[in-house]
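*Asks:* Chains as they are written, first to last, in our numbering: chain L, 1 to 713; chain U, 1001 to 1101.
Hints listed in this document are in silico derivations from the structure and should not be mistaken for laboratory results. This one's a predicted model, so the numbers in the text were calculated from it and none came from an experiment. Even glycine gets a Cβ: it sits at the ideal position worked out from N, Cα and C. Be aware that a few hints might be false.
Simulated crosslink set (DSSO-like; lysine-lysine; CA at most 30 Å straight-line) [as the list claims (entries may be wrong)]: (1) K1045/U to K368/L; (2) K1057/U to K1077/U; (3) K379/L to K1057/U; (4) K63/L to K314/L; (5) K379/L to K1077/U; (6) K379/L to K254/L; (7) K1045/U to K254/L; (8) K63/L to K53/L; (9) K254/L to K1077/U.
Some chain L residues near chain U, calculated using beta-carbon distances under 10 Å [what the hints assert, rightly or not]: (10) K368; (11) A374; (12) R417.
Residues per chain are reported as follows:
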Amino acid sequence: VPASVTVAIPVLNGARYLDEVLTMVRAQRDVGEVELLIVDSGSTDGSLEIARKHGAVVHEIDKREFSHGGTRNRMVELASGSHVAFLTQDATPASDRWLASLLEGFEQADDVAAVFGPHDPRPDASHMIKAEMERHFASWGDGGVEVDVQRLERSAAGLEEYRRFPGQLTFMSDVNCAVARWAWERIPYREVPYAEDQLLGRELIEAGLAKVYHPGARVLHSHDYPPLAFLRRYFDEFRSLREVLGFVQPWGPKRTLWDVRGLVGADRRWLRAQGVHGSALVPPLLVSGRHHSIRMAGAILGTRADRLPASLRKLLSLEGRSTFVPSDVPASVLDGADVFDPDWNWDFVRAAYPRREPLVEPHAARPKGPMTVAWIVPKWSVGSGGHTTIFRLVRQLERRGHSCSIHLFDPDRMEPRAGGQLREEIREHFVPVDAQVFRDLSSWTGADVAIATEWRTAFPLRDLPGCRAKAYLVQDDETQFYPTSAQSIWARESYRLGYRAIAYTPWMADVLRERDGVEARYFECGTDTDVYTFAGEEGRDPNLVAVYARWETPRRAVELAFAGLGNLFERRPGLRVALFGSNVEVQTPFPATDLGVCPPAELAALYRRASVGLVFSLTTHSLVAHEMMASGLPLVELEGANVASALGDSGELVQLAAQAPDAIADEVERLLDDRAHAAAMARRARAFVEQRTWERAGDQVEGALLELLAEQR
Amino acid sequence: VNPGSESTVGEPAAAQDETLARTEAALQEALAERNRLWEELQQRKAVEADLAFWRAKAEGYERSRWWKLGLPLRVAKRVLEDPPGTLDIIAHDLRQRRRSR
Chain L
1 VPASVTVAIP VLNGARYLDE VLTMVRAQRD VGEVELLIVD SGSTDGSLEI
51 ARKHGAVVHE IDKREFSHGG TRNRMVELAS GSHVAFLTQD ATPASDRWLA
101 SLLEGFEQAD DVAAVFGPHD PRPDASHMIK AEMERHFASW GDGGVEVDVQ
151 RLERSAAGLE EYRRFPGQLT FMSDVNCAVA RWAWERIPYR EVPYAEDQLL
201 GRELIEAGLA KVYHPGARVL HSHDYPPLAF LRRYFDEFRS LREVLGFVQP
251 WGPKRTLWDV RGLVGADRRW LRAQGVHGSA LVPPLLVSGR HHSIRMAGAI
301 LGTRADRLPA SLRKLLSLEG RSTFVPSDVP ASVLDGADVF DPDWNWDFVR
351 AAYPRREPLV EPHAARPKGP MTVAWIVPKW SVGSGGHTTI FRLVRQLERR
401 GHSCSIHLFD PDRMEPRAGG QLREEIREHF VPVDAQVFRD LSSWTGADVA
451 IATEWRTAFP LRDLPGCRAK AYLVQDDETQ FYPTSAQSIW ARESYRLGYR
501 AIAYTPWMAD VLRERDGVEA RYFECGTDTD VYTFAGEEGR DPNLVAVYAR
551 WETPRRAVEL AFAGLGNLFE RRPGLRVALF GSNVEVQTPF PATDLGVCPP
601 AELAALYRRA SVGLVFSLTT HSLVAHEMMA SGLPLVELEG ANVASALGDS
651 GELVQLAAQA PDAIADEVER LLDDRAHAAA MARRARAFVE QRTWERAGDQ
701 VEGALLELLA EQR
Chain U
1001 VNPGSESTVG EPAAAQDETL ARTEAALQEA LAERNRLWEE LQQRKAVEAD
1051 LAFWRAKAEG YERSRWWKLG LPLRVAKRVL EDPPGTLDII AHDLRQRRRS
1101 R
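Here chain U stands alone, though its shape is the one from the complex (with noise of 0.2 Å):
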């Protein structure tokens, strides 16, 4: 082997490059893979937030006074609007509630 000759150092070089050239492409794909799926992550944090920041709303509304004090006039409301679906609604209470004893 002749170091000095262009056949033993060209060749290696042109190779390395390609090597170097290919590795920082998948590189740069799994840091493009891995900021997909941080943003999956944010999107669904930020779903999961928002559920419990509503949730926690409406259970603010339930536990009012007023939201209470209007449960006459909602089940009124509602047997007028549609009398089989309120059975329906309070046959699935009943047995939700005998499933939760």
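So that you can see chain L by itself, here it is in the shape it has in the complex (with noise of 0.2 Å):
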């Protein structure tokens, strides 16, 4: 129990519950010394001689001083407690534990700011006033039983619901709460004329503080009026709220019926929990339909005041002002201003920080036999090679035994469909796999080994629980996808993020040893031979060259490969250009013949038929260069490390070009022109490629994999 507290009590005319709130307030027990403090604003009526007779420290200001949120900073100044307790000279302590009950509330954790507690209707209260407030206070703490520390969760999901319904966590009455001097000095109240309670509420739970409601710090208050006196006071109470909050009532014909009847409806049940049955229940519910008509049309009217003539705001208001005067207040979570936005494409990145090891749970070493294995893919497109890659391991660890799923990642909400339909597609465009297919990570389960694909998905992959080890598949070297930029920072940053990777081709893996540090194992692509079969120079058309032209992808140096081309133009107009690859359209410097991206049966028909082939790539080896071998499709690619890697360096199996238009071209006539040395290179590509197997790739992933779960963690 703090050393000291303060009960502070803005008064004016309170003579008729003023002493028997302050009578309770010196019954107070388990709570050591209790400064009453007292701020009068002119009273008449021997308000200020009751409340010296209770020993409160008593000051006077004028009325005209007075508002609501200036005055209780003043209080707050002037008290001697490390916490200050707010009352209203109607509120009466409902028992002697009340303020004991408040400062409990502080206890409940180190940044606790306020506690408030229930107010219990006073006896006269009308049914509807009753029921009302019953209801009010049962939305905290388990039906208003409780202890409940209020936090705001700054997960996406957390502010949604903070949206939704902002009161479960705004809502603080200062006619019963006490404040924690330390917050206050922080955030005091706003110097607003009303809902100054609200807005303090609002302002300690979007800081980052906890709120408490404590079941045991209950006061008896309640207000009744005669009908038109409450739609004045509603009036109001609703035109502050929008002057202050921007609360605005919703309202339509349908709604406020439906909204009314709703009203009733629980005051029927209320009564009725009460023992009123039957015809009893008629003339109450009569009163409640009043009330709470009376209730939406203030609360309709107050809301909309600046849209009414100042005359008939004065006729409306039960204080006479005619004024609407919004308050500056600061922004809000809830304005969606000025506010970081959850929901961020980018924000994937930023949560991954500060830096941590991927969580893996730790186990013993595992034996050989069957894995469970969770793929993270970014959103691909019918004909894209990495996704082809991932789906055909996929497939060949689901015929070794093991299980798989595959979850889409996908930050930019770009993806409508669902897994279901995800699934059929990959089924049908890419690879017959058995894995369940997801469109999000909501459904995560974990999985003995959980496999990052792509720089993106290997931030989320970090924090997933349930997995033995988690691995990072590298196809490409995707720092290079981007010109100097905060993507390429974050995707340098994957390769930092304390995964192991599975690269593809030993000179990925090298890339990542030596320059990231990363531990890399690797795998080789296999072809699937079945569709891209060998053909011989029969049948070939000896002016038609085939040309990868995916020209949406930088990495693929299209432009470069047309130049060439271009050069070649010249030399031999009667040349054929046939482009695949792309359903974008591309402007070509030459007649070519665009096929956009085809189905595998019609790539391997256009392999068998062209005489030389064109597949470029500057980050890694292409998967499209395979299938061109494994038709017998001559080839030319550019000369790189990432080629030697994958093929060697000494041009047997492919005709290598330097990166420039001459030499491109030089190749490709060469190839057309000397036929035998390109049969020969067709038949040695050929070969080589079918010792790379797809079921040589799946044996080294495999390998890969089980060799992760082998070491104890």
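Dock the two chains into a complex; use the hints.
*Replies:* Right, dumping it as structure tokens:
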């Protein structure tokens, strides 16, 4: 229990209940010394004498100086307690443990800034008021009976929930609450004419502090007015809610009638619980209907007071105020402005810091046997080579008795389809996998091994639970996909997240080891030699060049291929070019047939018909090149470590060209002219590809995964 | 017992091998069964996720202004196509509402 506490009450002509209120404050136990502080703004009904009789420290201020927020700030300044409990002049503590309960609330956690308690209606309150207050305070603490610590959860789901039901967290009533001085020093009351307590509640919660509901801190407090006065009172209340918090009561003929009906229904249930049944319900429910209609009218008019003429505002106001003055209050998470948007596409990167190791479950070295493997993949389009490789590897693992699942990671939220539809697409256009497909990570259940397959997927995978090992399948040096940018930094960062890599090609594994210090194993792609069957020279069109022209992917250097072919066109006017690999229309500086994205069977037919293939990749070795090699299509590729690592640098398997238009033209022309050389190269290339099967790739990846699991962690 | 004799070394070693093989087979069986259960779980999760997806989509349609505007046309179509069936549906709706109260 803190050393000292102040009970602070602003008073103006409150003699009706003040003696009762102060008697109960003085009767509080288990709280040590209590300072009683009254700020009076011009009472003429003997309130001052009552306050002094109870030993209160009394400060008198001019009525014009009073404001709900400003005066309460003044009271905290005047108070000596480390905690200040606020009451109103008509709120009587319901027990001698009221203050102890409020203080108990602060002991729930170190960050509790404020505590509030329920209001019990006075015995003479109407059944509507009684029912409403009971319902209202049952919103917290499991029906209003438990201590409830409230904090704003800053996850996307937490913020969404907060926006839908802000009052669940922001509600504060300084009719009956206490604030910690340290919190008030950080976030004082705003000097607003009304709803200062709601605003304080919102600011405390949005600042990340906790607020507590304590059922033991009850007070007796309720208002009852004649119907017309109720309308005017509600008009004032809701006008202020609009001025301060921007709240607007939704309305519509059907909606408002439905709301009133709901409130009357709630009153009916309450009356029944009190033993009122049958025809005895009719009179009170008629009163309920009138009351809630009036309340709704006051709320609708009050929150639209800016649209009413000043004279009407004055007429409708119980205070007689004709003005409408919106308060300048700080921006809120609720406004959606000036606050961070948790749905931001790149938030998965932001959330990955500070750096930490991938979360894996400690485990003993696992014996060989069927594994469960979860693959996190980025969004794909039909024809994507990288995804073809991933799904083929999934299938290879399935054929070896392992179980797989595929989880799409789509931070841009561009995928409109369900998991079942995605699965159908994979089975129809890629590989007939058995794995279930999920459109996001929300159904994650864990697996023996989880595999990131692209730099973005590496970030969310790190903290996903239920995995014994986590790996990163690196098919490409993705840092090179971007110009110098945040994305290039993050792609590089994905290699430093602590994953062990399974790289496509020994070259990629070397890059990861040497440049990024990653523990890397490798696999080499297979080729579907059943689809891409070998064809010799017979039946080939002597002037046809097949060009992989996915020009929207810069690393494919399509413009460089076009420049080379441009040179060749000047030398050989009869040249014919077939483009494929992209559904985006491309402008070529020479006549060409664009086949777009083709299914494998059509591609295989093209590879068997053309005389030279042209496929470039600056960052890895292309699967398309393997398929051309399998089909017996002589091939020109660019010189580079990525190609040399996969095929050697002797030029025996493909024709290697320097990265210059004339060199490319020379090599294509050489293959077109020297068909004996081209045919011999094609035979060697086919033999090479035949050794690199998908079964072999599957063995390599399976072996790497089993190795990871065999290590005790 | 002569530790060097064939009978004391050979037989227990064979028995050990057999026990090892049996244990290994049981382990593989247990792992396969665990995988089967995992696949079942994935299948169930996938169905649940798809159900939630389509439900949300349907709710979205039902909340749309166009859907609400089309209500009279849909009711009229239903009445014309199947008057008794429509009455059944209305009666069922009323019963449901009463129950939910």
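*Asks:* Each hint should be assessed against the structure and marked as holding or not.
*Replies:* These are the hints, each one checked on the structure:
| no. | hint | result |
| --- | --- | --- |
| 1 | K1045/U to K368/L | holds (27 Å) |
| 2 | K1057/U to K1077/U | holds (23 Å) |
| 3 | K379/L to K1057/U | holds (20 Å) |
| 4 | K63/L to K314/L | holds (20 Å) |
| 5 | K379/L to K1077/U | violated (41 Å) |
| 6 | K379/L to K254/L | violated (44 Å) |
| 7 | K1045/U to K254/L | violated (39 Å) |
| 8 | K63/L to K53/L | holds (23 Å) |
| 9 | K254/L to K1077/U | holds (25 Å) |
| 10 | K368 | holds (9 Å) |
| 11 | A374 | holds (9 Å) |
| 12 | R417 | holds (9 Å) |
Hint check: violations occur at hints 5, 6 and 7; the rest are consistent with the structure.
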